[in-house]
Amino acid sequence: MKVLKITKEDLAKGLDTLNKSFRLIGPVKDKDEEFHNFEELGQGELPDFNFRNTRLSPKSIVYPQSEKMFEYTLDSNDPEHDILIEVKKEPSPQVVVGIRPCDAKAFSLVKLNFDTPEYKDPYWLRRFEATTLLGLACHNPCSSCFCASAGSGPFNTESLDMLLVEEQGGYLAQVLTKKGEELAHTAGWTDEAGSDAQKQIDTMKEAAEKRIKSQISTDNLKNKLDMEIYEEPYWEDVSFSCINCGTCTYLCPTCWCFDVQDETCGNCGIRMRNWDSCMYPLFSLHGSGHNPRGEKLHRVRQRFMHKLKYYVDKYDSGIQCVGCGRCVNHCPVNIDIRRVCELMNRSEVCPVTTE
Amino acid sequence: MLEYTEKIREISQKLLKDSKVDMVIGFRKGTVPMMNEPTFIRNANEVGQLIWDSNCGINLANYLTGRKEKIGIVAKGCDSRNIVVHLVENKVNRDNLHIIGVPCKGMIDRRKIGVIYGEEILNVVEDGEKIVVEGDGDEKVYDKKDVLQENCAICIHRNPVIYDELVADLVEEQKDVDRYEDVRKIESMPPDEKWAYFEGLLKNCIRCYACRNACPLCYCPTCFVDESRPQWVGKSIDPVDTRTFHFLRAYHCAGRCTDCGACERVCPVGINVRAFTKKLEKDVKELYDWEIGLDPNVRPPLDVYKTQDPEDFIK
Ligand code: SF4
Ligand code: SF4
Ligand code: SF4
Ligand code: SF4
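Chains as they are written, first to last, in my numbering: chain A, 2 to 356; chain B, 53 to 367.
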């Protein structure tokens, strides 16, 4: 793997060049608010790397909150009357600049759902393929980040095409994929770093990992039976305060559920998909009026079971969470996934009677 | 606040021990700075979880909706007013409630403190009227009055209006408060400026409905935005639909909203949702001289017809 050296000026210059052939998206501070979000960068606009975690995850860059899929007409004189016609879109090539390793890793978790041997989600996949991820390592993880024990880490490179590691005066950049190489080439980043660069990165990585204060244990999740966790009495306590607002799922980089809706205006209509959330009663409401998850306890349990148990079992993988801490910080009533994971993972050891 | 906590525990323990209530609803300490979690206690041995400090801004009346048990509920001024609303609207039975009244000294604004501190906050300690913030930067001390939630800064009913017991002596109410300075400012804007104001206000809204769901008034079995047979409001993030949601919700709260600030507190993207509800609060005050949530025995002006009701605003 190649490691490049990029000065701050070269980064700015390179981004300027890239902005001509790519849509550039980077963290920008909201002008009225205290937080950053990923926004499209205008010509000459630079991303603001002085941010903790963006309020919304960058998932919408590949998977927008609302997305038009088909168009139709109800005009019976129109030859295309009552036919759903796919909305043509060629996603333009885009680069996400300064994406955090946890958010990048999240794309690989979500991919398991949108790209299966049976089903391929064309919208997600086309956009993902048109996206290059230029990551930014975290030297100072937040106190609520638990990425290191959630299968990611402050220097994790999964899903990334390039990783920038800030150092005195500039960056060391790991070029990780072919896309990354092309990006560096187009941007004109060619200075190779010295032979000890990788060692330098490893040292910084170790230091950053040590700074992570928050962790979860997931070792027992796989071995426990679904029903064993499902029927635990603690769900009433866990779910009591939940207001079923869906903030946790909308902010989460790994939540992928959507709803399909038709909207008609006059004779024209569109079929679109919108983010949905398992925390909403409407999510599981049947046409008959029956709701299998009619109580908030059911819904809260579903969210945690899905993330921490069903996903683990179904894909034989880690949990469906990268430890970004967004739900921990922004759940309005402080339902903390770290606490719930501890409960779900704990193993009740039967007291052994020794004679 | 320590005395409040101890008293809440003491009262709750007694209520549970004597089987006066099946559960007590209150707050337990949160896992991140300036956050507490609404919780319930059924077992007298577990009252030690209950706490009180300036991070109890969630409105607990919201947790009473539809419950049938006998409940002890910790209630600050605004919670108690929403309990009154619940009583008036038959959402809860007074005989099933034991209200543990908390004379409130205001809740601190987590977002505001985050902005003025600037760095990541690791711990916040309350010391009387001082708020000590520890974090990545230097330790900073703020006057509590400067970092109150906006609704608390202009609150004129800090004392519970209805209670069975109090955890402390009543506090002095804030006097000479101008509650509608911000509303008047918006009212005086020319239409295009007003339009731009509301457009800007809602630009970050993700339609998560935290504001609605944290609100004790929003208990409709199916909210108009969730109604799908027929569908009333579009589900995408089209600004027209987002505005429709906010304007209509505000109207549904007219003459009912206590300005507890829960909606604003819970919004994940910091939208000042009270800009909508306060305008209607002001209108109802001016038209009917009405303040909600003070007396469970008086019907609100918008749900009874009186021949002397003003009607010159009907055009
Ligand atoms: S953010 Fe919190 S309150 Fe809202 S749905 Fe998620 S767990 Fe429930
Ligand atoms: S579940 Fe919470 S911590 Fe995990 S990835 Fe989603 S928002 Fe981040
Ligand atoms: S609105 Fe009044 S009663 Fe409610 S929390 Fe604020 S100061 Fe206390
Ligand atoms: S809580 Fe905030 S983001 Fe969510 S619907 Fe309300 S205003 Fe919009």
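Simulated from the structure, these hints should not be mistaken for laboratory data.
Note that the coordinates shown come from a computational prediction; the quantities given were computed from them, not determined experimentally.
Check the hints yourself; a few may be wrong.
What the hints assert, rightly or not - List time: in silico DSS-like cross-link candidates among lysine-lysine, alpha-carbon distance up to 30 Å:
id	chain 1	residue 1	chain 2	residue 2
1	A	K297	B	K120
2	B	K255	A	K89
3	A	K30	B	K192
4	B	K192	A	K214
5	A	K30	B	K197
6	A	K32	B	K196
7	A	K6	A	K206
Hint check results:
1. The straight-line distance between the Cα atoms of K297/A and K120/B is roughly 16 Å, inside the 30 Å bound, and the hint therefore holds.
2. With a C-alpha separation of about 27 Å, the suggested pair K255/B and K89/A falls inside the 30 Å cut-off, and the hint holds.
3. For the given pair, K30/A sits about 24 Å from K192/B by alpha-carbon distance, which is consistent with the 30 Å threshold.
4. Restraint check for K192/B and K214/A: the C-alpha separation of about 23 Å stays at or below 30 Å, so the hint holds.
5. Proximity of K30/A to K197/B is assessed by CA-CA distance (about 28 Å); at most 30 Å being required, the pair is judged to hold.
6. Pair hint K32/A plus K196/B holds up; C-alpha atoms about 26 Å apart against a cutoff of 30 Å.
7. Taking the CA atoms of K6/A and K206/A, the gap is near 17 Å; set against the 30 Å cutoff, the hint holds.
The structure agrees with every numbered hint stated previously.
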